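Protein sequence lines correspond, in order, to chains P and W. Take 92 as the starting number for the first sequence in my numbering and just add one per residue. Take 92 as the starting number for the second sequence in my numbering and just add one per residue.
What the hints contain is simulated information worked out from the structure, not anything from laboratory work. On a predicted model such as this, the values are computed, not experimentally measured, just so you know. Take the hints with a grain of salt, since some may be wrong.
Identical copies look the same in the list; a pair holds intra-copy or inter-copy alike.
As a list, the in silico DSBU-like pairs of lysine-lysine whose alpha-carbon atoms are at most 30 Å apart [unchecked claim]:
(1) K210 to K359
(2) K264 to K384
(3) K216 to K246
(4) K354 to K114
(5) K152 to K114
(6) K264 to K338
(7) K210 to K384
There are 2 protein chains.
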Amino acid sequence: MMFSLHPKIVIAGTAMDIINNIKDMQSYSEAIRKDGLKIGFVPTMGSLHGGHMALVEYIKKFCDCAVVSIFVNPTQFSPGEDFDNYPRNLDEDTDKLLRSGVNVLFAPQSADMYGNDYKTYVEVKGIQDHLCGKYRPGHFMGVATIVLKLINITKPHYAVFGEKDYQQLQIVKKMVEDLNIDVEILGHPIVREEGGLAVSSRNRYLNSEKKLQATSISKALFQVKHKFERGISSSAELCIIARDILKESGVNEIDYISIVDNKLLEEKEIASSGDIVAMAARVGGARLIDNIKL
Amino acid sequence: MMFSLHPKIVIAGTAMDIINNIKDMQSYSEAIRKDGLKIGFVPTMGSLHGGHMALVEYIKKFCDCAVVSIFVNPTQFSPGEDFDNYPRNLDEDTDKLLRSGVNVLFAPQSADMYGNDYKTYVEVKGIQDHLCGKYRPGHFMGVATIVLKLINITKPHYAVFGEKDYQQLQIVKKMVEDLNIDVEILGHPIVREEGGLAVSSRNRYLNSEKKLQATSISKALFQVKHKFERGISSSAELCIIARDILKESGVNEIDYISIVDNKLLEEKEIASSGDIVAMAARVGGARLIDNIKL
Chain P
92 MMFSLHPKIV IAGTAMDIIN NIKDMQSYSE AIRKDGLKIG FVPTMGSLHG
142 GHMALVEYIK KFCDCAVVSI FVNPTQFSPG EDFDNYPRNL DEDTDKLLRS
192 GVNVLFAPQS ADMYGNDYKT YVEVKGIQDH LCGKYRPGHF MGVATIVLKL
242 INITKPHYAV FGEKDYQQLQ IVKKMVEDLN IDVEILGHPI VREEGGLAVS
292 SRNRYLNSEK KLQATSISKA LFQVKHKFER GISSSAELCI IARDILKESG
342 VNEIDYISIV DNKLLEEKEI ASSGDIVAMA ARVGGARLID NIKL
Chain W
92 MMFSLHPKIV IAGTAMDIIN NIKDMQSYSE AIRKDGLKIG FVPTMGSLHG
142 GHMALVEYIK KFCDCAVVSI FVNPTQFSPG EDFDNYPRNL DEDTDKLLRS
192 GVNVLFAPQS ADMYGNDYKT YVEVKGIQDH LCGKYRPGHF MGVATIVLKL
242 INITKPHYAV FGEKDYQQLQ IVKKMVEDLN IDVEILGHPI VREEGGLAVS
292 SRNRYLNSEK KLQATSISKA LFQVKHKFER GISSSAELCI IARDILKESG
342 VNEIDYISIV DNKLLEEKEI ASSGDIVAMA ARVGGARLID NIKL
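One chain only, chain P, in its complex shape (with noise of 0.2 Å):
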């Protein structure tokens, strides 16, 4: 399945399209299906790190045509986010992705993407409103906007999510259902730094000072669990015992520390087994996320 019509890149006899109008990748697509052959997709803001590359070399497993897609999406940046600051290494990533043997890479432009006066906006209610929601406010209308767009887009069978931002799988899982999306969303376990940190675009922002405090985030999280296993099912208890973790290592900014279920994100005051513990910290200027499953 090779189109003439996309810059291809190719090293060591592996071949990448790289597709930037949105109608082309939709041929593509439609191309592929129509030969039975499975499309599985990665959607990204690229910089790419760890935590994507183990998406791509998970999505493999399950198709016959990898795309991947890299496009900062302005919609899911709150105002005085850093959207304009936000890494990009579109070289860099290109590279990445050629050389793990994905077959598309899908960037197109934001004036493509949100152009001629758009009006458009999905919101999965409820779910987006808890956890990051009460910080970010429109991040998960944006998040579940794109998301169907670049699932209409690259019109693939599988696509793979990151666990770290568990409340956008769990959102993009629930668009997908309700709205009867033809698709398979996947979740990939969080990719960790030694030393515990979850691996994000955002620890650049970090310097080594910065990222050794930001450890703490993970080690809170594991400490929770620890002590959920030893018997302690308050979450208020085991919120405490995370914020005194935090707090010890000098990281203060904490938007929150929280017991949720696995599904609707609600507030649970007693923890049961599968329940999600999720928090958000800022250190030296990021805002970090993490989660652990108890």
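Following the hints, position chain W against chain P.
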């Protein structure tokens, strides 16, 4: 393309599949698409009349497989509207569709369409707030959401909507454009009864006296167009002409008479060629809408 798992009705050599299950419909459409055949789709709420049947005849020109859905969508009725009393005639409808050469009738259950803690809604901001949007809170959110769901289920290449519901047509077109849905939306001219009344399922609410009254709606629209062509372009002036015709016929419950642009449906003070004159009025318990292009 025949699936043995669905009931099938055959009359005089014509066959129609009746599919109630969402996943079955998706598999059916996916198989049709893989065969390289074109799917055309007509979404309806049943109680089929000449307007619907004109849409069916029209879509057949564009496709190899004509799919019609019948689903009285609860989310597009505002509180206090006629959801419970909305006419339902599935047997009669089935017969009409079969005789017209439709390939598939998709008739899902409400519990399947909005089951399992339904949360997801689509909005086309701005356009949804004008005209009927002011009088039917949530109506167009319900319309956009169900149309998106039905498109995701029936996977058509073409879908057709009547121009009587002009605002609905524009909302669907904008949603499809914005969300990059790979389907072509077609509009079909309003079908009118003798006397000019736009054909509508809600005309069944009218006795003969009220039906006569209701013809003043289209008369008013034709008269506005006539006056515009004779040089009157003030919207205020044109709307007074229309209002006077309605009142003379005893139609006093007028929701709105408006002149708007034909895309975003924003009010025009001075009417231009291509603008839409739209109105909604209540006659004998039925809320009737109609429009004309200048």
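Hint numbers contradicted by this structure:
Hint 6 contradicted; others consistent.
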